[in-house]
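A.B. asks: Kindly generate the complete structure, drawing on both the sequences and the hints.
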Amino acid sequence: MLAEAWSYFLYFYTFLHQLMVPCSNPEQLLVNSDNWQQYLGRWHFQAAVSRRDADIHKFKALDSVVFTIEDAANDTLVLTGHMRMGDNCLKQIWTYHIQPGSEDLLLEGRPQRRNLLWSGTWAACSDCIIFQEVEPPLRETDSEDSLNRYMLYARQKDVNSNVMTTFFKNSACRNLKESVRLAQEKGLLLRRLTKMLKFLFFFTEMFLFWFPEFCH
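Residue 91 in the UniProt record's numbering sits at position 91 of the sequence shown; the count goes up by one each step and never skips.
Just so you know, these hints were derived from the structure itself, not from any lab. Quick caveat, the model's predicted, so the values are computed rather than measured. Do not rely on the hints blindly, as some may be mistaken.
What the hints assert, rightly or not - In silico lysine-lysine, BS3-like type, Cα no more than 30 Å apart, as pairs:
(1) Lys186 <-> Lys58
(2) Lys157 <-> Lys177
(3) Lys60 <-> Lys169
(4) Lys157 <-> Lys186
(5) Lys60 <-> Lys177
(6) Lys157 <-> Lys91
(7) Lys91 <-> Lys177
(8) Lys157 <-> Lys58
(9) Lys91 <-> Lys186
(10) Lys58 <-> Lys91
(11) Lys186 <-> Lys60
(12) Lys60 <-> Lys91
(13) Lys169 <-> Lys186
(14) Lys177 <-> Lys58
(15) Lys157 <-> Lys60
(16) Lys169 <-> Lys58
(17) Lys157 <-> Lys169
Unchecked claim - Pair by pair, the computed Cβ-Cβ distance ranges are:
(18) Arg110 <-> Asp158: 27 to 33 Å
(19) Gln38 <-> Gly101: 18 to 24 Å
(20) Glu140 <-> His82: 36 to 42 Å
(21) Ala61 <-> Gly101: 35 to 41 Å
By construction, the Cβ of each residue, glycine as well, lies at the ideal position given by its N, Cα and C atoms.
C.D. replies: Have a look at this one:
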């Protein structure tokens with residue numbers, strides 16, 4: 001009885017809190033043939049949120065993902081993803097079409113999916129974008145979309161902790177309480193190894209320059 005009363009209290013408190021402190025709404029970024037250049041280049045996948053774990057569950061197996069958006073002909077954007085899963089590196093390519101007069105991108109092969117861009121300022125990040133994927137209910141009797149997830153991308157691999165906190169907080173306010181954040185640990189180790197190899201190469205070059213007799 002006490003537990004039931006407590007659950008009603010929490011529900012009522014949450015309802016009043018949302019009335020008094022409304023959720024922050026993200027600003028939509030309209031993609032058209034005049035402004036798509038600003039979205040080209042490299043983006044680091046940081047985190048994802050949804051109302052259901054099933055929508056973002058596959059991201060939990062990923063360590064890090066780097067996406068590159070390139071311009072193609074006829075208002076087409078090609079997105080190439082380099083993904084680190086365990087000790088394996090995967091590559092996947094998606095093709096998006098810019099639709100004149102439409103607020104979303106059309107994913108080739110998935111005409112039923114809406115692909116929307118939102119400003120990263122919703123996550124307190126001016127160098128970020130938020131990509132939303134939405135698919136309609138599978139059945140007419142279903143009340144929820146069959147897919148609805150938001151993914152945070154940043155120009156830099158490392159973002160301020162406040163960015164993640166703000167992203168998860170604003171998402172939770174909109175009942176997007178399931179979340180995943182990429183660890184990005186193995187990618188970091190790979191970069192460190194690359195730096196070490198570069199240093200070793202530089203050291204070897206300098207050594208042979210000062211002691212050329214070792215070359216013979």
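A.B. asks: Look at each hint and say if it fits the structure.
C.D. replies: Hints and how they fare:
1. The hinted pair formed by Lys186 and Lys58 meets the criterion: a straight-line CA distance of about 18 Å does not exceed 30 Å.
2. Proposed proximity of Lys157 and Lys177 is supported: the alpha carbons are some 24 Å apart, at most 30 Å.
3. Among the hinted pairs, Lys60 with Lys169 is consistent with the structure: their alpha-carbon atoms are about 20 Å apart, no more than 30 Å.
4. The hinted pair formed by Lys157 and Lys186 meets the criterion: a straight-line CA distance of about 13 Å does not exceed 30 Å.
5. Distance hint between Lys60 and Lys177 is fulfilled; the C-alpha atoms sit about 15 Å from each other, no more than 30 Å.
6. Taking the CA atoms of Lys157 and Lys91, the gap is about 18 Å. The hint holds against a cut of 30 Å.
7. Between the alpha carbons of Lys91 and Lys177 the distance comes to roughly 29 Å, so the proposed pair stays at or under 30 Å and holds.
8. For the suggested pair Lys157 and Lys58, the alpha carbons sit about 20 Å apart, so the restraint of at most 30 Å is met.
9. Restraint check for Lys91 and Lys186: satisfied, since their Cα atoms lie roughly 16 Å apart, inside the 30 Å limit.
10. Taken as a hint, the Lys58 and Lys91 pair is honoured in the structure, with Cα atoms around 15 Å apart against an allowance of 30 Å.
11. As the CA atoms of Lys186 and Lys60 are separated by approximately 14 Å, the hinted pair is consistent with the 30 Å bound.
12. At roughly 17 Å between alpha-carbon atoms, Lys60 and Lys91 fall within 30 Å of each other, so this suggested pair holds.
13. Proposed proximity of Lys169 and Lys186 is supported: the alpha carbons are some 27 Å apart, at most 30 Å.
14. A C-alpha spacing of about 16 Å is found between Lys177 and Lys58, which places the hinted pair at or below 30 Å, so the restraint holds.
15. Restraint check for Lys157 and Lys60: satisfied, since their Cα atoms lie roughly 17 Å apart, inside the 30 Å limit.
16. Among the hinted pairs, Lys169 with Lys58 is consistent with the structure: their alpha-carbon atoms are about 22 Å apart, no more than 30 Å.
17. At most 30 Å may separate the alpha-carbon atoms for a hinted pair to count; Lys157 and Lys169 meet this at roughly 21 Å.
18. Restraint check, Arg110 to Asp158: a C-beta distance of roughly 31 Å satisfies the suggested window 27 to 33 Å.
19. The supplied range of 18 to 24 Å is met by Gln38 and Gly101, whose beta-carbon atoms lie about 20 Å from each other.
20. In this structure the supplied range 36 to 42 Å holds for Glu140 paired with His82, their Cβ-Cβ distance being about 39 Å.
21. The given range of 35 to 41 Å is respected by Ala61 and Gly101, whose C-beta atoms sit roughly 38 Å from each other.
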